[in-house]
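Taken in sequence, the protein lines are chains X, Z, L and P.
Here the working numbering is used: the first residue of the first sequence is 10, the next is one more, and so on.
Here the working numbering is used: the first residue of the second sequence is 10, the next is one more, and so on.
Here the working numbering is used: the first residue of the third sequence is 10, the next is one more, and so on.
Here the working numbering is used: the first residue of the fourth sequence is 10, the next is one more, and so on.
The hints are simulated quantities; they were obtained by calculation from the structure and are not laboratory data.
Some clues are possibly wrong.
The list treats identical chains as interchangeable, and a pair is accepted whether it falls inside one copy or across any two copies.
[To be verified] Cut-off 27 Å, straight-line C-alpha distance, at most; resulting in silico cross-link-like pairs (DSSO-like, lysine-lysine):
id, residue 1, residue 2
1, K67, K271
2, K319, K150
3, K271, K367
4, K271, K189
5, K367, K189
6, K106, K120
7, K204, K271
8, K106, K203
9, K363, K154
10, K367, K216
11, K271, K323
12, K362, K160
13, K363, K196
14, K319, K367
15, K367, K120
16, K363, K216
17, K197, K367
Protein chains: 4
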Amino acid sequence: MNCFGIKFRITTFGESHANAIGCIIDGVPAGLEIDENYIQNEVDKRRPGLTKFATQRKENDKVQILSGVFNNLSTGAPIALLIFNENQKSSDYEDIKSLFRPSHADFTYFKKYAIRDYRGGGRSSARETAARVAAGAIAKKLLEKFNIHVKSGIFAIGGIEAEDLDFEYANGSEIFVLDKLQEDVQKKVILEAKKDGDSVGGCVFVKVTNIPIGLGEPLYEKLDAMLAAALMGINGVKAVEIGEGVNASKLRGSQNNDQMNKNGFMSNHAGGILGGISTGMDIDLKVHFKPTPSIFSEQQTQNEQNESVKFSLKGRHDPCIAIRGSVVANAMVSLVIADMLLLNASSTLENLKKIYDK
Amino acid sequence: MNCFGIKFRITTFGESHANAIGCIIDGVPAGLEIDENYIQNEVDKRRPGLTKFATQRKENDKVQILSGVFNNLSTGAPIALLIFNENQKSSDYEDIKSLFRPSHADFTYFKKYAIRDYRGGGRSSARETAARVAAGAIAKKLLEKFNIHVKSGIFAIGGIEAEDLDFEYANGSEIFVLDKLQEDVQKKVILEAKKDGDSVGGCVFVKVTNIPIGLGEPLYEKLDAMLAAALMGINGVKAVEIGEGVNASKLRGSQNNDQMNKNGFMSNHAGGILGGISTGMDIDLKVHFKPTPSIFSEQQTQNEQNESVKFSLKGRHDPCIAIRGSVVANAMVSLVIADMLLLNASSTLENLKKIYDK
Amino acid sequence: MNCFGIKFRITTFGESHANAIGCIIDGVPAGLEIDENYIQNEVDKRRPGLTKFATQRKENDKVQILSGVFNNLSTGAPIALLIFNENQKSSDYEDIKSLFRPSHADFTYFKKYAIRDYRGGGRSSARETAARVAAGAIAKKLLEKFNIHVKSGIFAIGGIEAEDLDFEYANGSEIFVLDKLQEDVQKKVILEAKKDGDSVGGCVFVKVTNIPIGLGEPLYEKLDAMLAAALMGINGVKAVEIGEGVNASKLRGSQNNDQMNKNGFMSNHAGGILGGISTGMDIDLKVHFKPTPSIFSEQQTQNEQNESVKFSLKGRHDPCIAIRGSVVANAMVSLVIADMLLLNASSTLENLKKIYDK
Amino acid sequence: MNCFGIKFRITTFGESHANAIGCIIDGVPAGLEIDENYIQNEVDKRRPGLTKFATQRKENDKVQILSGVFNNLSTGAPIALLIFNENQKSSDYEDIKSLFRPSHADFTYFKKYAIRDYRGGGRSSARETAARVAAGAIAKKLLEKFNIHVKSGIFAIGGIEAEDLDFEYANGSEIFVLDKLQEDVQKKVILEAKKDGDSVGGCVFVKVTNIPIGLGEPLYEKLDAMLAAALMGINGVKAVEIGEGVNASKLRGSQNNDQMNKNGFMSNHAGGILGGISTGMDIDLKVHFKPTPSIFSEQQTQNEQNESVKFSLKGRHDPCIAIRGSVVANAMVSLVIADMLLLNASSTLENLKKIYDK
């Protein structure tokens, strides 16, 4: 099932080597400026082929707006975005079409559907996330109308962690690092893995600032639950932390509690969410990406005929998916917050009166 | 919004001090034995008042089946389960009814809804999770028909981790510890926190064994995404890890990849999920609970009138919510797997033919 | 699946002879007065045992509010309503437990689920509609806050149609007739059918007044589509008409078009809906109920063993389900309008600004 | 909201004068042949410009498959279908861009969204239904695998009704008439309306044959309720009847009941549905379309500035939308049945065992 969100909802389609990928964004409030350049700019951030830290595949990833916009404004109709696939080398996959690349989804797709589009991973390819980023760009524009900002960057590469979170800096960094003092060593970790025909994991930090108090729909569309789903569903993510995260399980209440005074919260161990609802403090998220499963050393695997085989992968691959993953994480968080913004609109009779009373 | 799941779906209701809590379970396939004792037994595992490691509130938590069962079999109609609330001491909350307990949901509920049922946390109380556990018991029974088992226990308390995972042992342990060698020290950590009027965090491990290959509905109801939502939505959870989890972000691909041979996977760093679909290997999950926010030392906070106030909490509280949380995590995982089992039934034309061809 | 609605959502449970029936109402905006007497009063309108025009079964149908209300106000938490079943005579069904009553759902439930609760029709019993009416009462209260009124009554019995629509009069009529001039003959039609051990069909008219312009979520949650689903889903309904209805298919555009001037619409053939969105004119609906399938003459049928059998029904049955059906239709329409009211809250950026801008 | 269906789900996008219209079809079981020619053929049935009974707009309506298909088989991934818009004459709408065409959705879209794409009705244009027909073609192919057939044709034009239902004949008829004896007079009714610059309403009959017993998900996704929503949501539909339909409300139970014997049902007043579940008998549906609101005589209306205006419509319009509507109705019914086929797959434990037991 390929929908995400309830009121601000995206539906995506497309495989790595299909004709196109794209999405339909439903529930965009009418009257929002839809800026094609802004969308393109966001999509370009995750576009491959730009630096030596990413795959050398070159995709233009040109986004077309097919519907839902009139005079540059959203009309309330669904907005369809389309990206035609280019520069696919299906021949890269000829050698491996009947075997299951380790730690890819080849095996599970084949077993679930009894058929798989082996070219570039088919539907399981991270290429689909370009559609998420395009949709996320519209969500971000909506959030900006309310001065809500979703920021992200690289927190750690191969365990080398940032000590400072500078989202401005990350925006300008080739690999979106948050801590410029760690940039060199983090880059080195990636390039060494790449040189060895290997890959390396990384951790992305996402922060939401100026979020209204009250977003999140308990008990089963809690803000933290929806963020966890949105982030864990990104290709390669194996852990999600909110606020104090894993560390919270090691602390005492007296250490982890966020006391308050008349001015508000005195700390933010909660990461901006209590009871599944935003507190108004920053939302702080850590998203842990596994290393790219595509590595170049010889590996052992199984093929569709259930035989043991050895093989060596060819092709062009990211040595660290966390980097482009940070753009996707940002988009997914933006989509969740936008959805929650809309869902909360009818939370009180008072809100409804603001809209319907004349 | 108070529904969870798509085809195997629960809807819960109830507050800590309402007349009752309960749930409706929809989508249970007809013909499943519904065993009231089994449900009661599961609910009893998270029932308060049983040991010195949990709150001393005594609730009978007697589950009534209201509908959907005939001759002890599910009929396809929704199954409603009801637990009347007893032994509520609303007076415990008189002193604090206009202030926001730190790190509870008092503040966020009040700001979102402009009204809150302050008694025992109202809807945000972990008491609601009894309904999840009751529903989870029915999911577990369904899974057992296919020999799928969902196991859980305490992995760590206050950072003291298990080195062994013995789910049999956990079942018999007062605090569900997985590693009997750590039980004494883990208990001590809790009791010391309790003695200090404090609380402590903990980590729960959940394992699913013998899961069919192919469960999970990509791309937005991926198995890992749905598990993350289910677990992060439990009261007090701040991080969720799957398989190698946080550690995956520190590894190289050559370390983290699960190679295969003709017999299947040679390792399980993935924690049983690739591309959002089950591999057939064990699903391995770590769920990190923050320390109980209810502590007894004096704390500073804000009240509804926006003033700074100091207060000391009274009442009966769990020193470590992870313990009873392990029962809830087990139930939530069971509900997700049951939902995925049903959703996958129409994944191929071949499956449909098994059902409809005469 | 037993949910209805998207944002204002009900989930019902219960069978005719289960312990109870009831519902959970989710999405009620916080701050709405919840008046137990008002709910009870609505439920009493469809309660059996009151007149000679309805079944003589006596059910108290006492509604209990289990959750979601604090100080008589909705809190944003789900509101659970419970009605315990009483006065069930399961023995009435002993004779027919293995046969399929013609034009009841006995056959289809048995074939679908391979098990059925034969007592009183089980889940397929119209008794479940009491839960809908209880939920509808809360929707009606919400609508009244915006001066929206949902009115209903009997339009026709056995083809004898009203020529006047007097909803005030219907409220006071034993059988909710809209046209007092037709009341005697309509009653006579029912009593004659009853005397013959037979039953008769009828048509209900529902009118919504003062509805805001703009409700309805095109293209797949159009107001008319959602109303059609809500009404066609009521037990025994076989046709739904909006505005000119069936007659529209016989007219020319010049006859059916609703021209406008600066004061608004000059006619209302559309029945208040264009493009799936409310025009602000009255919503006009006709709901056609088949005659009660429970009749007392000898009938031929099949039993679970696939044999031909003849039988005569006993028990207590409504001679005309349209009468109590009019109360249910009113409730269902109220639920749809409430849902649309909430869903529309985020339709424009302007609406969101009213809520979130400080 | 622009999704329809639960497990077999379509999401559509596009406006009359946008770049394109299209849809994403989700939940198609893997392994189904996807035949581009078959889809094109279905879409061609509702294509404008073909006969003098339809608008003279010429659209090629060439359908492109963008994703979800590999080696001509569905892969389980979402199938995106795209139709670029051509031959749009936006200038046709220049004159009327600030006024509300009577009985069109101009007024309601403008009031709901405060902006509207006035060109060709924008999102409210029946052009969107081409996407439904394309999606419906895939549903039909799935149903054919189980020998389920969805047939349709014109039952009545301007009140002139068929006396015979010959679906074979309808397929070959220019206006899809079911009764060849009525064809001439039905055509004449249309052409006379057209000659007068007027339009006329009509009624479509849809029949589903060989449907499995047991489809329909009570109580809120009943088969009849879902069909009613699907059909009432088609542009211009004002009434939906199932089986005996409106007439059922005039009958006695002894006339309307479908008695049975060991061979099954002895009549089919129910139209193939009891308790919201298919009986295995034919599903019989009547769908009533209003006359096209686009007529050429002078009409009075309101403009965006709230003034009374008179105007005469120009352009190219169908004199009777029921004709092309019959193709859309067929598609919508096919989509509903496909969804129910999938949803029913997990209705019993027995069904699940067929899939998961080895």
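- Query: Which numbered hints does this structure break?
  - Reply: Those not satisfied are hints 1, 2, 4, 5, 7, 13, 14, 17.
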